[in-house]
Amino acid sequence: MAAASAPSVDTPRISTLILQRKTLAIGLAIIVAITLLAVLAPLIAPYSPSKLSIVNRLKPPSSTWFFGTDEFGRDVFSRTIYAGQLSLLVGAAATALAATVGITLGLVAGFFRKADGIVSRIIDAMMAFPDILLAIALVAALGPSLATVIIALGVVYAPRLARVVRASTLVIRELPYVEAARALGVPTWRIMTRHVLRNLVSPILVQATFIFAYAMLAEAGLSFLGVGVSPEIPTWGTMIAAGRQYVGQADWMTIFPGFAIILTVLSLQLVGDGLRDLLDPRLRKDL
Amino acid sequence: MTRYVLQRLFGMLTVMFTVVTIVFVIVRVAPGDPAAVMLGPDATPADIEVLRVRLGLDQPLPIQYVYFLAQLARGDLGHSIFLDMPVASALLDRAEPTFFLTIFAILIASAIALPVGIMSAYKRGSFFDQAVTTLTMLAASIPSFWLGLILIQVFAVRFGWFPVAGYGGPDASFLTRMSHLVLPAVALGVVSSALITRFTRASMLDVLNDDYVRTARSKGMGEFRVIMKHAFKNALIPVLTVIGLTAALLVSGAVVTETVFSLPGVGNLVVSAVLRRDYPVIQGALLVIAAIYVLINFGIDLLYLMIDPRVRY
Amino acid sequence: MAMSTPNADNHPDALADDIVLRAEDLRTHFIMGTRTAKSVDGVTLTVRRGQTLAVVGESGSGKSVTSLSIMRLLSHPGRIVGGRLLYRMRDGGVVDLATLSDKRMRAIRGKEIAMIFQEPMTSLNPLYTVGDQIMEMIRLHEPISRHEARIRARRMLELVEIPAPDKRLDQYPHEMSGGMRQRVMIALALACNPALLIADEPTTALDVTIQAQILDLMRRLQREIGMSILFVTHNLGVVAEIAHEVAVMYAGRVVEQAPVHDLFARPRHPYTKGLLACIPDAKRDRAEDGTRKMLNPIPGSVPSVLALPAGCAYAPRCPLAEAHCESVPPDLLNASPEHLTRCWRHELL
Chain P
1 MAAASAPSVD
11 TPRISTLILQ
21 RKTLAIGLAI
31 IVAITLLAVL
41 APLIAPYSPS
51 KLSIVNRLKP
61 PSSTWFFGTD
71 EFGRDVFSRT
81 IYAGQLSLLV
91 GAAATALAAT
101 VGITLGLVAG
111 FFRKADGIVS
121 RIIDAMMAFP
131 DILLAIALVA
141 ALGPSLATVI
151 IALGVVYAPR
161 LARVVRASTL
171 VIRELPYVEA
181 ARALGVPTWR
191 IMTRHVLRNL
201 VSPILVQATF
211 IFAYAMLAEA
221 GLSFLGVGVS
231 PEIPTWGTMI
241 AAGRQYVGQA
251 DWMTIFPGFA
261 IILTVLSLQL
271 VGDGLRDLLD
281 PRLRKDL
Chain Y
1 MTRYVLQRLF
11 GMLTVMFTVV
21 TIVFVIVRVA
31 PGDPAAVMLG
41 PDATPADIEV
51 LRVRLGLDQP
61 LPIQYVYFLA
71 QLARGDLGHS
81 IFLDMPVASA
91 LLDRAEPTFF
101 LTIFAILIAS
111 AIALPVGIMS
121 AYKRGSFFDQ
131 AVTTLTMLAA
141 SIPSFWLGLI
151 LIQVFAVRFG
161 WFPVAGYGGP
171 DASFLTRMSH
181 LVLPAVALGV
191 VSSALITRFT
201 RASMLDVLND
211 DYVRTARSKG
221 MGEFRVIMKH
231 AFKNALIPVL
241 TVIGLTAALL
251 VSGAVVTETV
261 FSLPGVGNLV
271 VSAVLRRDYP
281 VIQGALLVIA
291 AIYVLINFGI
301 DLLYLMIDPR
311 VRY
Chain L
1 MAMSTPNADN
11 HPDALADDIV
21 LRAEDLRTHF
31 IMGTRTAKSV
41 DGVTLTVRRG
51 QTLAVVGESG
61 SGKSVTSLSI
71 MRLLSHPGRI
81 VGGRLLYRMR
91 DGGVVDLATL
101 SDKRMRAIRG
111 KEIAMIFQEP
121 MTSLNPLYTV
131 GDQIMEMIRL
141 HEPISRHEAR
151 IRARRMLELV
161 EIPAPDKRLD
171 QYPHEMSGGM
181 RQRVMIALAL
191 ACNPALLIAD
201 EPTTALDVTI
211 QAQILDLMRR
221 LQREIGMSIL
231 FVTHNLGVVA
241 EIAHEVAVMY
251 AGRVVEQAPV
261 HDLFARPRHP
271 YTKGLLACIP
281 DAKRDRAEDG
291 TRKMLNPIPG
301 SVPSVLALPA
311 GCAYAPRCPL
321 AEAHCESVPP
331 DLLNASPEHL
341 TRCWRHELL
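Residue numbers (full-length UniProt numbering), protein chains in the order written: chain P, 1 to 287; chain Y, 1 to 313; chain L, 1 to 349.
Each hint can be trusted.
Listed below are several chain Y residues computed to face chain L (Cβ distance under 10 Å; list not exhaustive):
1) G125
2) N209
3) D210
4) D211
5) Y212
6) V213
7) R214
8) T215
9) G220
10) M221
11) E223
12) R225
13) K229
14) R310
These stretches of chain Y come out as covered by chain P in the derived footprint (C-beta under 8 Å, 3 or more residues):
15) 149-163
16) 241-251
17) 256-262
No lab work stands behind these hints: they were computed from the structure.
None of these values were measured; they are calculated from a predicted model.
Think of the CB as a built atom: it goes at the ideal place given N, C-alpha and C, for glycine as much as any other residue.
All chains, please: the whole structure from these sequences, using the hints.
See below:
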């Protein structure tokens with residue numbers, strides 16, 4: 001009995017738990033730093049990201065231009081931190097959309113036997129398309145723009161979340177307390193949101209972190225191909241695409257935006273892994 | 001066994017049918033008139049109307065869907081107006097670089113991932129294991145197109161060991177063509193080795209403590225043989241699934257990598273089709289690539305049959 | 001008398017002719033960071049030629065770790081940290097298994113000492129036929145062809161009374177019942193004619209009728225082949241059926257070793273006495289009015305191997321314990337020439 005009441009007393013504060021996980025703490029620190037750099041870019045950037053300077057074109061990294069300059073003499077460092085704004089925005093928005101669609105589909109499939117057949121089949125079929133390819137096709141169909149890239153990536157990654165949510169819902173809806181709630185006549189939507197969804201916070205959080213990482217990689221790929229956001233808008237993908245013409249001549253144009261992507265995706269994966277470690281013991285038992 | 005195969009076959013066909021439907025929907029959700037978009041702003045209304053009729057766009061959607069299915073059933077993927085050739089032939093023309101690129105990348109990825117994953121699991125918690133865990137996470141964070149550019153910088157531009165881009169021109173020998181695939185295959189292989197390494201490690205960890213592994217040791221067998229013959233073979237099934245999945249993902253990774261290296265493959269074809277709104281080609285490529293994914297998965301299901309006797313009954 | 005003072009003579013050849021294996025003060029610890037689980041902490045026991053020694057104890061007493069130590073099959077972080085495991089090879093030479101090189105140990109596993117495990121359902125590799133797994137064992141140790149190995153494997157299946165051996169050779173483990181699989185494990189273990197068979201709870205996972213069949217089979221095979229058996233079990237009923245001698249383990253030590261009749265007739269350790277009192281016995285446990293008497297479980301619980309008491313590990317639960325017992329761990333004493341006990345007060349029993 002002591003064990004049952006203990007957690008509320010003994011549970012360490014969340015902050016302590018996070019700090020105990022080295023990977024989670026490091027990942028969070030990096031992603032917060034990157035986000036701050038991007039958001040505060042107007043204050044931090046030494047130059048305007050779009051200020052042209054033909055005399056200073058293709059200058060290598062130096063104390064004047066930390067990351068060098070591009071073919072129009074624009075400061076690569078300033079552009080890299082500004083580009084973070086859009087890259088992170090696209091990743092976050094796509095993840096939010098994927099989460100909304102995925103959770104809804106997953107709950108519906110897990111809860112209503114009749115819908116499960118169709119929804120599961122659509123999920124399976126969606127997963128048959130490689131993510132970038134499906135995104136390309138969707139962007140092509142909808143016409144390329146910032147919004148369509150977000151929509152396309154959201155649609156591409158929704159099935160992954162739907163699958164996780166569906167599997168967990170199937171388990172949770174058979175649990176005694178959910179059955180009891182149903183027997184007591186609690187409305188289905190209330191059971192889904194109150195009892196099921198609350199138990200799904202952990203797996204959704206972990207999965208969403210990884211989707212954030214994949215979506216950022218995919219966005220960079222789309223922008224690199226020129227089928228994503230307009231090449232004039234600086235994102236890490238478009239910057240690398242621009243640098244491609246100057247490989248061997250101005251390598252810094254590709255290297256630094258690439259580092260930005262790698263660091264961001266890596267820190268998101270560290271967070272996802274750390275979260276999974278933190279939350280998994282219970283997950284594994286429940287699922 | 002027959003039941004297992006039939007089950008998988010049926011599963012494959014339902015997924016494929018859904019895939020076809022999704023592709024149909026994606027291409028039809030395009031805002032505006034595809035015919036007008038395809039012909040560009042200079043087209044006369046009469047031209048657009050001709051194309052609409054030719055593409056069957058003047059019909060109601062359900063009729064279009066039935067036509068679409070009937071066309072596919074005949075093995076016809078449609079006709080590209082821009083290329084003025086059947087989509088199937090266009091894809092086939094571009095298949096070689098993509099095919100070999102995917103094969104090489106999978107070979108490179110497996111050659112890295114399997115030994116490293118096995119060793120990492122075997123030496124669990126060691127410095128090596130920790131280094132592998134960190135490096136796989138790093139590798140999974142690298143965009144393959146960026147790695148491709150770096151490889152070009154180092155090995156093609158600076159050292160001149162490999163060609164910078166292209167496929168060697170129309171008269172290139174097979175060997176020359178393949179030499180153009182080395183760097184892109186490395187770029188794709190390294191990035192996709194991360195996932196396979198992680199899975200190999202995880203599924204080896206699952207089996208290393210199994211009782212039959214201990215039995216194998218109790219026979220007086222050397223460690224290498226215990227690990228490879230008894231543990232690894234049992235760990236192989238989930239690993240194969242991931243390798244198959246990766247192979248399918250590589251086809252799409254190839255879309256981007258082919259652009260970096262200017263390889264005239266399927267990926268390149270898709271990108272240019274998107275840029276000029278060549279819907280029949282986009283549609284055909286989507287279908288073929290999804291079909292390859294579904295087929296690879298079916299193939300892996302059949303491989304299980306060969307590896308695991310329990311599936312046969 | 002060398003047995004009561006096991007470290008008196010460190011020369012391996014000190015092993016008497018009729019002894020196959022003697023563990024002397026074996027210590028196997030699991031070192032996890034700053035904590036050390038002393039799962040086996042001073043085990044001394046003797047297996048005689050052609051006889052069965054049953055090692056009895058509750059779960060966590062260290063009996064399985066002892067058998068895995070002998071085979072040197074401990075999984076990380078378990079390690080033999082002290083003591084000797086003297087083994088007489090079939091050619092007469094004596095080796096210390098605790099310090100043998102990995103390579104020489106591999107030559108001993110399977111050929112000199114073989115092992116069968118508790119879980120027949122999972123101890124065979126699901127991906128290979130039963131025949132392949134037996135043939136693999138034979139061909140590891142003997143330079144014979146596949147064809148000859150197959151004939152030998154078939155003979156082994158006959159030996160363990162598996163019907164239709166030709167058909168069974170080509171079957172996979174999942175096509176067999178648990179009892180059948182344990183027969184296969186025995187066939188596998190005996191395929192290279194080992195001098196010592198270690199059986200780690202081989203019947204625990206089986207139901208009672210199958211259990212009796214397997215015990216019969218092992219007894220018969222021992223008569224015919226003459227190997228020695230180290231039989232690990234927690235079941236005193238099984239001990240009575242199969243053992244010549246018994247070693248009782250408690251908290252990582254052998255607290256008593258004696259011939260089976262002596263031990264059952266007059267246990268010389270209070271723990272053994274407590275264990276025997278727990279066995280349901282139709283005659284003894286009926287009260288005069290015919291109702292069943294309550295069993296007598298030993299009060300208290302086994303100490304954690306992470307924190308063993310300074311003196312006798314059983315002292316906290318022992319009705320005979322006195323101050324001396326709690327401070328000084330008892331030596332292995334001779335209660336009679338063949339009866340060893342780790343109890344200061346065994347005279348009182």
